[in-house]
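S.K.: Chains as they are written, first to last, in this note's numbering: chain A, 1 to 327; chain B, 1001 to 1582.
I should point out that these hints are in silico values taken from the structure, not numbers from a laboratory. All values derive from a computational prediction rather than experimental measurement. For every residue, glycine included, the Cβ atom is placed at its ideal position computed from N, Cα and C. Each hint should be verified, as a subset may be incorrect.
As the list claims (entries may be wrong) - Take a look, some chain A residues computed to stay more than 10 Å from chain B by CB distance:
| no. | residue |
| --- | --- |
| 1 | D33 |
| 2 | V44 |
| 3 | N98 |
| 4 | I153 |
| 5 | F161 |
| 6 | L212 |
| 7 | S313 |
Unchecked claim - Chain A regions said to be covered by chain B (calculated; three or more residues, Cβ under 8 Å):
| no. | segment |
| --- | --- |
| 8 | 25-32 |
| 9 | 66-79 |
| 10 | 173-182 |
| 11 | 196-206 |
Chain by chain, the residues:
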Amino acid sequence: MTAYILRRILYLIPTFFGATFLAFLIIQMAPGDYLTQLELDPKVTPETIARLRAQFGLDRPIYEQYLLWMNNLLHLNLGYSFAFQAPVLEVIWPRVVNSMVIVIPSTLLLYLVAIPIGVYGAVRQYSLGDRILSFLAYVGLSVPSFFLALIAIYILLQIKFKTGTLPFPVSGMTSTGFEQLPPLRQLLDIAWHAVVPILVATANDIAGLSRLMRGQMLEVLGQDYIRTARAKGLAERVVLYKHAFRNAVIPFVATLGGLLPSLISGAGFVEVVMAWPGITPFFLDAIANQDLYVIAGFLTVSLVLLMIGNLISDLLLAWVDPRIRYE
Amino acid sequence: MKKALALIGILALVGAASAQTFVWPQKWTVAKPQEAKRGGTLRAAVISDYRTFNPFLTAEASNVPVLISGDRGLVTRDPTTGDWIPYMAESWTISPNKLEITFKIRKGMKWSDGRPITADDWITTWRIHTDKAVGSNSYDSFFIDGKPIVLKKLDDYTIRFIYPKTDAEAFAVASFEPWPAHVFGPVYQREGAEGIKKMWTLSEKPENIVSGGPWLIESYRPGERLVLKRNPAFGEWNKDEAGNPLPYLDRYEIKIVKDTNAQLAEFLAGNIDFMAPSTVDHISQIRQAIQQGRLDATIKVNASPVASSQFMVFNWNKASDPFKQSLFRSDKFRRAMSHIVNRQAVIDIVYGGLGTPMYTSVYPVLTQWINPKVPKYEYNPQQAAKLLAELGFTKKDKEGYLVDAKGRRIEFNLATNAGNAQREQIAKLIVDEAKKVGVKVNFQAIDFNTLVGQLLSSGPDRPFDAIIIGLSGGGLDWPFGSNVVPCKGNLHMWNKSGQCLDPRETQLDALYSRGRTELDFKKRVEIGYRMQEIEAELLPVIYIAGPNYHPAWNNRLGGEHPDAIISSIWGQREVELTFIKK
C-alpha cells in the first residue's frame, strides 16, 4: 500500500508541471494583457504603458515568465497580483474563507437531502412522490443558479414591500455596524446572511445528485443478489439498507476526494448576484482583468487539491470496496 | 449691550476663522445650514472591490485614496461656474510670463494624526508620483509634451509650480491631492520606490492610514464593505456658512455589490441611499416603487448626458486594400455613413428614449464647450445614396448592393467589443440601415482586448475596417484628447500612419496645441468651436449617441445639489454637505 501511495505521488510530479504550464500558456494565449485596458485611456501615454509592462515582466517571453513563476512556486510563493499590488495568497485567502461559509454547509445539506431523496425515488419508483420529486429535480437542473438567486431576491423584496421587513438580507455577508457587535452576535449575523445563499447553492446541486443516487439505487435493486436476498426471506428494510444502499453509495465515496478542490473554488454565481464576498466574483474579476498570477496561482492551488483529492478517493474506494486492491 | 457684545464676539470669531477656514458655499446644496443635522451613516454601493489604500498605486476610477481625501487639492472647482477656486491654497499669483503659479497654502490645516499640512507634503507627493519605478497612474499628468512640470517649495506655506509652457490645464495639474510627507517621505528615502509599493496595502491597519480629507478608514472587509468615519481634523478648517464643521455625517459606508440587479434590490429595499441606474428597466422599477409608495426616494431622469463618447471609426491605413483605403479616406463616404446612422433610433431602441445624440468629440454634457452651429449630417438615407452615387456607386448587383463602374461592391467589416449589448445593438441598427442604401456591412463582436489591439495598431496597413467604440475621461479646461487629436497621438485611431494625411488633420493638430496653451477661457472656447466645425466636416470618426445620467437617492438624505448642477460631471451631491434627515 505504501509503495502504491509513493508511486502515485511520483506520478503527480510530471502531472503538476504539465498542468501548470498548460494553464499558464492558456491564460497567456488570451489576447492582450493586464495593461490593455489602460491603452484606451486618453491620459496615459504609450511610454508609460510600455514601462509598466516591463515592470510587471509582461514583456518577457512566456517560457521565461513561467520559469520565474515556477521558481517562486517552489519557494511557496504564488506570485504577485497586478491589480492589488500584493501577494496572491494574501488577497485570495480571505475570499476563500468567506466562500467556505457557504460551501461547507451547502455540501453537508446537499448530501443530507439528496441521498434520501434519491433512495426514496428508487424504492418508490413512479409513485406520486417520486414523480413530484423528479419534476422538481428537472426544474432545479434546468434553472441556472444565478437566476435562482435573482428569484430569491425578488421574493425577499416582495415580502419587504408587503410586510415592511426583510426576512433575510438581499445581499452581503454582514450587516452595517458589524464590527461593533460582540463575537457571538457577529457569528449569528453571518449565519443570518448565509441562509439564502446556502439554500440557493444547494438547490441546484440537489437535483443532479439525487438523480444520480436514484439511478445507482435502481441499478443495484435490479441485481441478482437483491433477488436472492429477498428470496431467502430477508426483511425489506434489511435488503434495502444493508445490501442495496451500501453498494449503491460506493461511487459517491469516490467523489468525496473531488470535494477537496471544490471547498476552495467557491459557490458560483450565487456569490456574484448576492454580493457574497467569496472567491467567485473575485476570480471572475481577475480573469476579466487578466491578472495573470491570481488566475495561475488559484488554478495551481485547485490543481494540488484535486490531485490530493483523487488520491484520497482511490484510497477510500479500496477501503470500502473489498473488490479493489492496489497491490 | 450684552447682546451687542456677543454679536461682536461672534463677528470677531468668524473673522479670525475665515483666514484659515474654507467655507463651503451655500449654493452647492439645496439645504440651508440650519436644516442640516449632524450624525448618521450614508450608505452606498460600488460595483468593483477596492484594490489598495496606497494613493501612488491606485489605478481605478473609484478608489479609497480619492474617497478619503475628498479629491481636492490646492485648488478645486466650483460646480456652479466650473471655475477653479482656492481650496487648500489661500490664494495664488501667476507670473507675468504665465509659466509660474505661486500658491499660498492655507495655514492651520492638519493631517488626521495632528501634524500640520505644509508645502513638503505636496513636494513629496509630486516626487513619488513622478518616480518611474513607482508606476503611479498620475505620472503623465505632471508632464506637458514630455517636459516635466517642476514644484518648488519657497517656504513651509508657499509653493511654486513651474510649467515648461503655458497650459490651459495648469490648475488641473495643481489640483492633485497631497499625502503626508512624514509618512511616505522617510520610507521613500530609505527604500525608494520598492518601499512605497509595500505601503498601505489593503491589509494595512485602518488606524495607520493618515488622511487630510473628510474621511478616515474605520474598517474594510475585502469584497464586502468599506466603512469611513469622519475626520475631525478636516472639520477644523472646512465649515458650512453657519460655521458648522463638515462633514455632517458620522460615517460613510460603501458596500461592494458586483451585480447591478442586486444593487437595485438594495436600493429598492432602502438599504442603500443612492445610485445612478443605467438601464430603462432599472429606472422604471425605481419610478414604480416611488409611485406606489413602497420607496420614499427621488429620481432625476435625464439629468444630463454621460461624460463619454461613442462613435464608429474607419481605418485610413489599409495599404493591402487600396479600394477600401481610398473609400475610408474619402470624406464623402464618411458623410454618407453619418447619414445612415439613425441616432434617434439608437436612442429609442438602445437607450429606451433616454439618451443624447452626438456630433463632435466634445461630450454633450460639456454644454459650455459645445458649438451649437456645427454642421450635422443627420440620418438621411436619400442623401447617403446621393453621396455614394457621386463616388461612382450607381448600379446595384444581383444581391442589391451598390457597385461602381468596375463592379466593386461597397462592403466593410464592422466590429465592436463582445459583451457590450448596447454597442452590439447599435452595430445591428447600422447594418440594417446600410443594407437599405445598398452597403454591405458585416458585423462581428470580438473580444475587447483584441479589438483594442486592432484599433491601436499602427503603420500603413492595419487589420480592421471599422470599429464602434467609445472614450471617456479628459479635462473640463480643454476637452480635446492629447492622445486623440495630434496626428502622432496613440489614440488617433482613424489614422495611425504617424503623420497627418488630410490637411484638416494638420489644422486640428495645430489648433489643439494653440488651445492647450491659451489661458483665456473665452479664446479657448473659440478655438474649441473652430475645432468642432472642422471635426464635423472631416468626420474623422462618426459620433453616434450615448446614454443619459439618472441619479436617484433615498429621501432620508438631504443636501443634494440644486437641479442646475446635478450632472454626470458634478454628480448629485457633495458628500461633505450631505446629511441624514431622519
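S.K.: Now, for every hint given, state plainly whether the structure supports it.
M.R.: The hints, checked one at a time:
no.	hint	result
1	D33	8 Å, violated
2	V44	6 Å, violated
3	N98	7 Å, violated
4	I153	5 Å, violated
5	F161	5 Å, violated
6	L212	31 Å, holds
7	S313	31 Å, holds
8	25-32	holds (count 3)
9	66-79	violated (count 0)
10	173-182	holds (count 5)
11	196-206	violated (count 0)
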